[in-house]
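Novice: Single-letter residue listing:
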Amino acid sequence: MSELKEELKKQLIEQLNLEDFEVSDIEDNDLLFGEDGLALDSIDALEIIVLLEKEYGIKVADPKQGKDIMTSVQTLADFIESKR
Amino acid sequence: MACKMVRVTAHNIISPLGYTSQENFDKVVVGQSGIALQNKGELSETDFQAALLNMEVLNDKITAIENADAYTKLEQLCILSLQQVLENVDIKSSRTGFIFSTTKGNITEVAKDSHSEDALLANTANKIAAYFGLQSQAQVISNACISGLAAFVIGRRYIDAGLFDDVVILGADVLSKFIVSGFQSFQSLSPEPCKPFDANRDGLTLGEGVASVVLSKADTIGSEGVEVVSGAISNDANHISGPSRTGEGLYRAITRTVKIEDAVDCICAHGTATPYNDDMESHAISRAGFEDVPVSGLKGYFGHTLGAAGVIESIISIMAMQRNIVIGTKGTVQQGVAAPVNVTKENIQKPVSGLLKLMSGFGGCNAAVYFKKHGE
Amino acid sequence: MVAMLLFILKSMENSQIIKEVSIEQGKVLVNQSEFFTGETSEPGPFLKSLYKKLDLKYNKYFKMDHLSKLGFLAAEVLLLNEGISNETDEVAIILANASSSLNTDVKYQQSIAEIPSPSVFVYTLPNIVIGEISIKNKFYGEHMFFVQPSYNKKELLDYTTCLFNSTPCTYAIVGWVDVDTKGNYNARLMLCQNNK
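Residue numbers (the working numbering), protein chains in the order written: chain A, 34 to 117; chain B, 756 to 1131; chain C, 15 to 210.
No wet-lab data here; the hints were simulated from the structure. There may be inaccurate statements among the hints.
What the hints assert, rightly or not - Computed from the model, here is a short list of chain A residues facing chain C with C-beta under 10 Å:
hint : residue
1    : E52
2    : D74
3    : I76
4    : V83
5    : F112
Note that beta-carbon positions come from the ideal geometry of N, C-alpha and C, so glycine has one too.
So that you can see chain A by itself, here it is in the shape it has in the complex:
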């Protein structure tokens, strides 16, 4: 699980061009959206959906479902685990 979370953090930084972030800057429970966390936006959310499909073969067709799983790196990892 912690390996998966490390991997996810790397992929987020890479895919979302989070140039000013290192893996160590992102806590498992940091909010992905909102100013207190990584301050991602709606395009990032769509790009995470692409990431899930590309890297993990998981399709998220319903944008509403996307919202719940994208709270933090932890919730994303939980979701991926549940699909494995």
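Chain A is already provided as a structure; the job is to place chains B and C on it using the hints.
Specialist: Okay, now just chains B and C, sitting in the frame of chain A:
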């Protein structure tokens, strides 16, 4: 400087609904839509809703174009549309301007060759202009979904400043896998024909179309004439794809185009039927004080025709104004937007002397144009 | 006819160029004088070095495509020390190029074969760069993106004059921002003032 009057003197629409403005208008007024379920194939890996041009129907017209094979599908359609409006235009005059509005032009050429010269939008415009012998340098407007409406704003300014006496506006976009997959990646396509301003709206429907308008300087505007009175463009300064939650840019475009005391008898909104766009428009319209004015959305008839949308929808709204009709918003069953607005579900017969047309698009852009009917 | 010409000439005076910035082949000039020269002229690394030089703390920068980065940075240099206020309708943005968004269009076309990327698709419109400049500076004003065969300063200034005639705006950022399909880049921006 007192403004010159600018009049709409000719127009054409080629869409799935018809080959002339009149054919299109006649279909719209009886509630017919060009949107249909399209089988997966060249444009999409899944079935999808779209208003696609029937190229077989247009084939006879296309083969009549001189040296037709030298032109792409988009260029052929542009030629077919323009030839219907240029009859009374002095095309050889340097006082005649030409504006071409498109978002993606010949983007399909990029799939074949990354460095294709045909994909350069100015080349496309020049090719079309050369077909007719239009003399002045074509201006291409590529400003996302407001491109078509922005051409009215800019054409009017050109005439007002004395640069041109007539301005020919052409708006065109055809669908490609490029465009369809992009909107799919944004999860913005509705599985059903779009439902503008509806409580259950869940996305837009794409469409294809080409439309032309001629704007001319006028000393007087006859009783049947329609004047392009004013227009403005504004930016949300908020996000490159998400519309402003408060409608800031559109509100500013509206208030720089009309005053509350102007006769605004109906509004033809952008109405893409995405949840955020229609909410945004409701905020802007309501903030500007027009919450009681009947609002139409035309995407349920044509789909979202991108660079052509502002031209097509302006023409239909103008024709409706001339007949004292406010077109019903096809697809709206139960209005459900964030702020109070008055969305028409059915056609309304009422005196219409002034009309406000709105468009918004990616990049945070918004445009508004005020058209007025004379002689009443 | 003479009256018409006089009117046009007269109205041309409305628009006055107060500053010019050009970016090309790893070099930034302000009013024809050198402002910055990068160690490389490769678009990505060069633009990043200019970003660092300007000491901007703006995370959105890293999300942009080459065209937006180029236009955004050129506008930053143009507005540097000009004291033009934010949150305004008073600044218009009129940009043009020849390549539209084709540099990114080609990238997006390639992504379709795998999984289409929404963050690439959004940059397949040339006017997004205007959005980026507007967001950074909170400019709500008039704007337009034209596509032309080649840089034509006169045409752009003609339109600026038309705009200044009809719209109460004080400044306009006017010019050329192009990145072609081979990665060649070229920005020439002018800050124009409305003297009307």
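Novice: All the hints need checking, so say for each whether the structure fits it.
Specialist: Outcome of the hint check:
1. E52: 4 Å, holds
2. D74: At about 9 Å, which falls below the 10 Å cut-off, the nearest Cβ of chain C leaves the hint on D74/A intact, so it holds.
3. I76: Since chain C brings a Cβ to about 5 Å from I76/A, closer than 10 Å, the hint holds.
4. V83: 5 Å, holds
5. F112: 18 Å, violated
Checked against the numbered hints above, the structure breaks only hint 5 and satisfies the rest.
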